[in-house]
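Novice: Chains as they are written, first to last, in the numbering used here: chain B, 1 to 113; chain U, 1 to 116.
All the pointers check out, no bait thrown in.
DSSO-like cross-link-like pairs, simulated, lysine-lysine; straight-line CA separation at most 30 Å:
hint, chain 1, residue 1, chain 2, residue 2
1, B, Lys71, B, Lys5
2, U, Lys78, U, Lys11
3, B, Lys105, U, Lys78
4, B, Lys105, U, Lys15
5, B, Lys71, B, Lys56
6, B, Lys5, B, Lys105
7, B, Lys56, B, Lys108
8, B, Lys5, B, Lys108
9, B, Lys68, B, Lys108
10, U, Lys11, B, Lys105
11, B, Lys108, U, Lys11
12, B, Lys105, B, Lys71
The set of hints was computed from the structure by calculation and includes no laboratory data.
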Amino acid sequence: DQQVKQNSPSLSVQEGRISILNCDYTNSMFDYFLWYKKYPAEGPTFLISISSIKDKNEDGRFTVFLNKSAKHLSLHIVPSQPGDSAVYFCAASALGSQGNLIFGKGTKLSVKP
Amino acid sequence: GAGVSQTPSNKVTEKGKYVELRCDPISGHTALYWYRQSLGQGPEFLIYFQGTGAADDSGLPNDRFFAVRPEGSVSTLKIQRTERGDSAVYLCASSPRPGANTGELFFGEGSRLTVL
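Using the sequences plus the hints, can you model the full thing?
Specialist: Below you can see the structure in the form of structure tokens.
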């Protein structure tokens, strides 16, 4: 039973437009959410995170929105660039779980020039 | 380099054999994690070390899997009597302090294990 779901396996966006990647979760004990980015043959790299006490966190072109009532978060990338093409993983952790991150299956983003 | 280093990058073995995968974390990072990523899936937590001790090994799938970190730095993941279902990329990550709420785990490139 997946606790973190990324229902879109892939997304294709034109360069310069907005990319929106979605993530749903089921465990109400999750209190911290992260997005990781992964290029082929490399390990995941941390992108941005959000605590459950917030509903938005912004870092440059990347913004994460959290809707606790809907148990939904999204990552917005604007403007999208070809170098953003990668697999994006949503991850969640519960208070006190230390390093036990629960990851979604990932969404492969392709940004076309 | 200054990142998390994992060896070997690729390992092909036969069913029933014993395998060791090594992780060299970023210098000074006290927390070390092992994850496993199967094809088409996200990383799956296996075990977390704080210093030399395993603080959480709840993700280890069965007793064929074992990990050590004897000096609080390098860690070895050991898999006995390998099965075809063990085939995956094994990812190691480290963090300067415990807890995912630091925001970042620094991952290595992974060790791809193939069990024939």
